[in-house]
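Number of protein chains: 2
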Amino acid sequence: KPTTSREIEDGNGLSSWNDVASKQAIMAFVEEVTNPESPHFIEEKDRIATFDNDGTLWSEQPMYFQFFFAIDRIKAMSEDHPEWKDKQPYKAVLENDMDALMAQGGTGLLQLVMASHTGLTTDEFERIVRDWISTAKHPTKNKPYTELVFQPMLELVKYLQQHEFKVFIVSGGGVDFMRPWAEEVYGIPRDQIVGSSFKTEYAYNDGKPEIMILPEIDLNDDKEGKPIGIHSYIGRKPVFAAGNSDGDLQMLRWADANIKKSFKLYVHHTDGEREWAYDSTSHIGTFKAGWEEALQKDWVIVDMKRDWKIIYPNDGGNTD
Amino acid sequence: KPTTSREIEDGNGLSSWNDVASKQAIMAFVEEVTNPESPHFIEEKDRIATFDNDGTLWSEQPMYFQFFFAIDRIKAMSEDHPEWKDKQPYKAVLENDMDALMAQGGTGLLQLVMASHTGLTTDEFERIVRDWISTAKHPTKNKPYTELVFQPMLELVKYLQQHEFKVFIVSGGGVDFMRPWAEEVYGIPRDQIVGSSFKTEYAYNDGKPEIMILPEIDLNDDKEGKPIGIHSYIGRKPVFAAGNSDGDLQMLRWADANIKKSFKLYVHHTDGEREWAYDSTSHIGTFKAGWEEALQKDWVIVDMKRDWKIIYPNDGGNTD
Ligand SMILES: [Ca+2]
Ligand SMILES: [Ca+2]
Numbered sequence: 022k023p024t025t026s027r028e029i030e031d032g033n034g035l036s037s038w039n040d041v042a043s044k045q046a047i048m049a050f051v052e053e054v055t056n057p058e059s060p061h062f063i064e065e066k067d068r069i070a071t072f073d074n075d076g077t078l079w080s081e082q083p084m085y086f087q088f089f090f091a092i093d094r095i096k097a098m099s100e101d102h103p104e105w106k107d108k109q110p111y112k113a114v115l116e117n118d119m120d121a122l123m124a125q126g127g128t129g130l131l132q133l134v135m136a137s138h139t140g141l142t143t144d145e146f147e148r149i150v151r152d153w154i155s156t157a158k159h160p161t162k163n164k165p166y167t168e169l170v171f172q173p174m175l176e177l178v179k180y181l182q183q184h185e186f187k188v189f190i191v192s193g194g195g196v197d198f199m200r201p202w203a204e205e206v207y208g209i210p211r212d213q214i215v216g217s218s219f220k221t222e223y224a225y226n227d228g229k230p231e232i233m234i235l236p237e238i239d240l241n242d243d244k245e246g247k248p249i250g251i252h253s254y255i256g257r258k259p260v261f262a263a264g265n266s267d268g269d270l271q272m273l274r275w276a277d278a279n280i281k282k283s284f285k286l287y288v289h290h291t292d293g294e295r296e297w298a299y300d301s302t303s304h305i306g307t308f309k310a311g312w313e314e315a316l317q318k319d320w321v322i323v324d325m326k327r328d329w330k331i332i333y334p335n336d337g338g339n340t341d
Numbered sequence: 022k023p024t025t026s027r028e029i030e031d032g033n034g035l036s037s038w039n040d041v042a043s044k045q046a047i048m049a050f051v052e053e054v055t056n057p058e059s060p061h062f063i064e065e066k067d068r069i070a071t072f073d074n075d076g077t078l079w080s081e082q083p084m085y086f087q088f089f090f091a092i093d094r095i096k097a098m099s100e101d102h103p104e105w106k107d108k109q110p111y112k113a114v115l116e117n118d119m120d121a122l123m124a125q126g127g128t129g130l131l132q133l134v135m136a137s138h139t140g141l142t143t144d145e146f147e148r149i150v151r152d153w154i155s156t157a158k159h160p161t162k163n164k165p166y167t168e169l170v171f172q173p174m175l176e177l178v179k180y181l182q183q184h185e186f187k188v189f190i191v192s193g194g195g196v197d198f199m200r201p202w203a204e205e206v207y208g209i210p211r212d213q214i215v216g217s218s219f220k221t222e223y224a225y226n227d228g229k230p231e232i233m234i235l236p237e238i239d240l241n242d243d244k245e246g247k248p249i250g251i252h253s254y255i256g257r258k259p260v261f262a263a264g265n266s267d268g269d270l271q272m273l274r275w276a277d278a279n280i281k282k283s284f285k286l287y288v289h290h291t292d293g294e295r296e297w298a299y300d301s302t303s304h305i306g307t308f309k310a311g312w313e314e315a316l317q318k319d320w321v322i323v324d325m326k327r328d329w330k331i332i333y334p335n336d337g338g339n340t341d
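In the order they appear, the protein sequences are chains A and B.
Residues in the first sequence are numbered consecutively from 22, following this note's numbering.
Residues in the second sequence are numbered consecutively from 22, following this note's numbering.
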């Protein structure tokens with residue numbers, strides 16, 4: 022059973038963080054803006070914090086975990102689709118041929134996401150995600166995906182919540198994919214999870230209302246989609262925003278445009294031993310334009326290897 | 022200054038309600054589902070309440086208040102649009118010719134909404150709504166619109182919040198129109214306000230991020246749009262839903278489809294003296310199919326004249 026943020030005891034603060042500049046900056050910011058005597062005091066209603074998910078709250082290598090879900094789902098669905106064994110991109114999935122799969126490019130990947138995520142009701146999809154997340158394991162770490170969350174970030178979420186910040190996830194990942202498990206794992210309510218979504222359709226048959234998920238993107242909650250998602254779902258600019266890649270730059274700029282004092286944080290994946298080390302040249306979580314702007318504007322960059330005592334909840338004493 | 026829900030003192034419960042069946046049903050439900058010993062106990066995270074706005078939390082006659090905003094805005098913009106004085110539907114607005122305006126039909130009204138609500142940034146629109154709501158008065162009641170809110174419903178919102186329900190507005194009205202004032206007036210946080218919306222576009226010029234409101238509907242949060250909005254923004258079915266018209270029927274059915282015990286409430290406008298009396302034949306707030314289903318399924322129907330001691334906050338002792 023993974024340590025979840027709800028199990029983080031009150032008052033332990035950011036105990037998995039080394040006593041480094043990033044931790045000090047976070048604590049100084051929170052103390053300043055929650056102090057009613059401070060000229061930078063922020064009222065509780067304005068204490069909005071937005072966190073990216075993939076690469077910021079949990080790992081995202083060798084590919085987004087949601088994509089492993091899509092692949093597992095395609096395999097499970099293949100019984101009902103005998104034609105898939107000769108048809109790309111399904112064939113590549115069924116044959117575990119990652120090279121052939123990557124050769125399908127973005128269109129092929131989108132096709133897999135559509136086939137695995139749409140054409141069913143929201144209630145059905147919820148059940149499928151719940152089943153998967155409670156049984157699936159990461160291919161190389163060999164652990165449930167919910168154990169590959171960053172303990173120091175769970176502590177940060179909790180620390181902000183304890184200071185009356187309202188914490189949201191704003192992720193390029195699918196909102197219907199995150200909601201079934203993220204509430205429990207991160208301690209962030211379902212309605213505070215913003216993500217990419219498909220168009221839906223309401224149906225009322227035999228007195229039973231249902232919502233069908235349609236194979237058409239509604240919100241692509243990445244890059245410029247992040248401030249759009251924030252405006253749409255939250256309705257005010259954040260005062261705290263955290264991400265790990267160029268896809269978060271627009272969100273961090275949106276926080277930076279807040280007339281109130283704001284905090285911009287980037288997580289830099291520097292730990293090839295305990296996690297993965299990647300940045301400017303990685304296809305997943307490219308971190309180049311964001312890195313340059315963060316340096317220029319003096320935003321906080323967390324160096325995972327240097328700043329964090331542990332990465333995952335069970336890295337510490339309580340190994341499984 | 023209107024009484025807002027935040028000024029409702031703790032513990033006064035539903036004091037503007039007569040001791041009638043609707044009040045008793047509400048209190049019995051809340052006591053049952055918040056009692057951990059009850060078989061119908063509902064955990065806090067599942068205590069989602071959704072309220073329609075127009076006709077449920079404030080009045081909506083002789084037309085939706087947002088439409089008065091649109092008309093005032095068209096008039097204010099007309100200086101920069103000399104061509105409008107000869108062009109419908111603007112001409113009708115500028116000449117205060119309601120008959121000619123109504124003759125423009127839905128297309129004409131939509132045109133007015135588009136012209137008054139889009140083509141500017143979200144920050145600009147926020148300022149315009151704030152200015153309007155703090156100065157405009159209802160044409161016949163001659164009071165600020167924020168005083169035409171239903172005191173018994175403010176008390177109900179507060180009562181639910183005190184019992185750890187998370188209360189949302191789910192309105193056919195515009196979300197960007199409600200958010201600037203509804204938080205303060207109703208005591209419901211901005212991010213818990215769901216409404217109709219326009220598509221938007223992110224721009225980044227001279228280092229300044231902005232969101233432009235485009236003249237294209239994104240979510241029409243009425244009828245079947247309400248469960249869709251609820252799924253999208255909240256991510257779980259409500260256990261308490263309140264509305265006043267056929268446009269809320271799909272939302273009430275969505276609550277009714279919750280596997281947990283749920284409460285469905287309709288406000289019936291029966292008080293032609295203190296407010297307005299209308300239902301099945303009214304163009305605004307048509308209440309016919311919803312009425313029939315409510316009777317058939319034993320949902321609670323609040324009779325405003327019979328059930329409420331006062332309608333508006335200042336109906337009581339503290340008149341202005
Ligand atoms: Ca990311
Ligand atoms: Ca209504």
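Fair warning: there could be bad hints in the mix.
Remember, identical chains collapse to one label, so a pair may be satisfied in a single copy or spanning two.
Said to hold, decoys possible - Here are the computed lysine to aspartate or glutamate pairs in the EDC-like style, where the Cα-Cα straight-line distance is at most 16 Å:
1. Lys220 - Glu53
2. Lys164 - Glu64
3. Lys112 - Glu145
4. Lys108 - Asp267
5. Lys44 - Asp319
6. Lys309 - Asp118
7. Lys220 - Glu58
8. Lys244 - Glu231
It should be emphasised that the hints constitute simulated quantities derived from the structure, not laboratory data.
Note that the structure is a prediction, hence the values are computed from the model and not measured.
- Query: From the Cα coordinates, with 16 Å as the cut-off, is the pair lysine 112 and glutamate 145 best called within, between, both, or neither?
  - Reply: Result: close neither inside a copy nor across copies, 25 Å intra and 51 Å inter.
- Message: My question is about lysine 108 and aspartate 267: at a cut-off of 16 Å on alpha-carbon distance, are they close within one copy, between copies, both, or neither?
- Response: neither (34 Å within a copy, 47 Å between copies)
- How would you label the pair lysine 220, glutamate 53 (within, between, both, or neither) given a Cα cut-off of 16 Å? Classified as neither: same-chain Cα gap 42 Å, cross-chain 37 Å, threshold 16 Å.
- How do lysine 220 and glutamate 58 come out at 16 Å by Cα distance, when the copy is not named: within, between, both, or neither? Result: close neither inside a copy nor across copies, 46 Å intra and 40 Å inter.
- With identical chains treated as interchangeable, where does the CA-CA distance between lysine 44 and aspartate 319 reach 16 Å or less: within a copy, between copies, both, or neither? within (15 Å within a copy, 56 Å between copies)
- Task: Classify it for me, lysine 164 with glutamate 64: is the Cα-Cα distance of at most 16 Å met within a copy, between copies, both or neither?
- Result: Answer is neither; intra-copy 41 Å and inter-copy 30 Å both fail.
- Task: Since the copies are identical, ignore which copy is meant and state whether lysine 244 and glutamate 231 lie within 16 Å (CA to CA) inside a copy, between copies, both or neither.
- Result: Only across copies: lysine 244 and glutamate 231 sit 14 Å apart there, 31 Å inside one copy, limit 16 Å.
- Task: Have a look at lysine 309 and aspartate 118 and pick one of within, between, both or neither, based on CA distance no larger than 16 Å.
- Result: neither (30 Å within a copy, 59 Å between copies)
In this structure, the hints that do not hold are numbers 1, 2, 3, 4, 6, 7, in rising order.
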